[in-house]
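Engineer: Here's the letter readout for the chains.
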Amino acid sequence: MLTVIGRRLVWATPNLVLVTVLLFFSVAVFFGNPAALMLGQDATPQAVAELSHQMGFDRPVVVQYLSWMGHALSGDLGRSYTTHQTVAEMLARSLPVTIELAVLAILLATVVSVGLSSMTVCRRLIGTSVTVLSIVGMTVPNFMLGMVAIFIFSVKLGWLPSVGWVPWNRGLFVHMEHLILPVVTLAAYYFGAFSLVYRAEYQAVRERLFVRVARAKGLSEHRVSFHHILPNSILPVVTYIGISLGQLMGGAVVTETLFSMPGVGKLFVTSILSRDYPVMLAVGMFIIVAVILMNLLADVVYTLINPQIRLN
Amino acid sequence: MREILKRPKVQIGAFILLIMIAVSVAAPLIAPHDPTASSIMFLAPPGGDNLLGTDELGRDILSRLVYGGQSSLIVGVGAAVIAAVIGVPVGLVAGYLGGRVDLLATQVIDIFIALPGLILALIITAMIGPTLLNLVLVLGFVSWPRIARLVRGQTLALRESVFVEASKAVGARADWIMLKHIWPNTMRIVAAQFALTVAYSIFTSASLSFLGLGMPPPTPDWGAMVRSGFDYLAMNPSMSLAPGAAVAATVFGFYLIGTSIK
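Just so you know, the protein sequences line up as chains A and B, in that order.
Sequential numbering of the first sequence, starting at 4, is according to my numbering.
Sequential numbering of the second sequence, starting at 1044, is according to my numbering.
Derived by calculation from the structure, the hints in this document are not laboratory data.
Mixed in with the good hints there might be a few duds.
In silico lysine to aspartate or glutamate, DMTMM-like type, Cα no more than 25 Å apart, as pairs [said to hold, decoys possible]:
no., chain 1, residue 1, chain 2, residue 2
1, B, Lys1305, A, Glu204
2, B, Lys1052, A, Glu204
3, A, Lys159, A, Glu180
4, A, Lys220, A, Glu210
5, B, Lys1223, B, Glu1203
6, B, Lys1305, B, Glu1203
7, B, Lys1305, B, Asp1153
8, B, Lys1223, B, Asp1145
9, B, Lys1211, B, Asp1145
10, B, Lys1305, A, Glu210
11, A, Lys159, B, Asp1274
12, B, Lys1223, B, Glu1046
Assemble the whole structure, with the sequences as input and the hints as a guide.
Structural biologist: Listed below in structure tokens is the structure:
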């Protein structure tokens, strides 16, 4: 097992280096001189040159990359131009928000899609509604879904707060109350995707012999579905979670912006819109490296839970 | 082909898209007002002269909605064309030649597929600026690996088939086989993925606009309309819900066609 994980890691390293190099170089080439951006339009060329020199932007890009990476690996991700906080601090503050949102959304999508698709009562009715809901979840952009949810549950009914985020130490109830709409919004797409994937596998597993044996033993339809078919059909959903992590990050960006949640996605968008170069570069790098590492983790988890897979 | 057109899902999808295309093409004839002309009637409620009301600058929402389809459709279809132009040759060559070429191509494809599309599009758009052409290029660049992977898989299977072997036996060159024998057999899967790529690109470009990195104003753009309308959700919900519904309907149309051809 350890060799498998080790080999995966060795394979992933060149990819990681390549991606960070590509990102750093393209940002450095296309984004323009950060010193000029900082000083604004009225700055004299001398002032720009001086600041460039001071901050090291006049060095070759390779040197800049190596020095940036060296600092980043020791935990120094630079400092924001607008708020003057360290990027590491900003990330540390916003990361828990995003992780909580993403984990809850994936959890909700998995439980609801697998649960509904395994139900044995009113199978016809539930089946049709799941099909309709999954197509809605997969085709309606999440900013639209979130907005409709805000319109119905906050503006019209007044049941839930519309936007904003409250830390959990100011009351768990208020905290969760603010999380309901964003989590549902982010989960909608995954509910659709998981339902499609799970149902296809479920139908195939239902035809297998052991299911017939379980029925012949006299087990209830409910027990057969949840205890025999479900465990054997859930693997594709796990795979799907692994490959959709990148997309999940994109969904989180939109959801956090819509609901004004102080997460990594919102931080990233804000830094892009305000041209906050160090934050944008560091957070962009962080997201992309995190997605690659999590894909790797998903691969490893997949081999752990499915002993049939042998990497060659 | 006939058989595909008879499927109800394809018919519904085609119906939605025909309406969208017709409205976008005939926008100058249909739109009751100039989509960029502001007036002193700020945030007028729906009804009367402005069927869907006006936005915060007094512009007619219906007219902007009608014109907004143009850029969405151009970006969506343009991005899918770019994705196919890069993805199909890469997939064909990687799948047919195999060996080191294939190893390299799959490695690159895997890296790009793992990367978050919207995040990548955000970074690139922020760097090169959100113009119509740039959006097409960025979204095409983000989507080509999926097409390449599908074509590669299909090519890998077709390479072993008897007709390819026969063609080789009479001395056909690799490029001839790829172009005349393998490409026609992958067209269906490419068409399906093409429709899905259009759906994805419209979805993503609307998300970019919503985040503030879409087409610059005053171009009427659905995602940007949703963004500005969100602040007035309680006063005039149609300002954001109408363009949002338009995005959803267009994506839905392409999605239906894409999934049922597959």
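Engineer: Would you mind marking each hint as holding or not holding in the structure?
Structural biologist: Outcome of the hint check:
no.: 1; hint: B:Lys1305 - A:Glu204; in the structure: 18 Å, holds
no.: 2; hint: B:Lys1052 - A:Glu204; in the structure: 22 Å, holds
no.: 3; hint: A:Lys159 - A:Glu180; in the structure: 17 Å, holds
no.: 4; hint: A:Lys220 - A:Glu210; in the structure: 16 Å, holds
no.: 5; hint: B:Lys1223 - B:Glu1203; in the structure: 15 Å, holds
no.: 6; hint: B:Lys1305 - B:Glu1203; in the structure: 22 Å, holds
no.: 7; hint: B:Lys1305 - B:Asp1153; in the structure: 22 Å, holds
no.: 8; hint: B:Lys1223 - B:Asp1145; in the structure: 21 Å, holds
no.: 9; hint: B:Lys1211 - B:Asp1145; in the structure: 20 Å, holds
no.: 10; hint: B:Lys1305 - A:Glu210; in the structure: 24 Å, holds
no.: 11; hint: A:Lys159 - B:Asp1274; in the structure: 15 Å, holds
no.: 12; hint: B:Lys1223 - B:Glu1046; in the structure: 24 Å, holds
Consistency note: the structure conflicts with none of the earlier hints.
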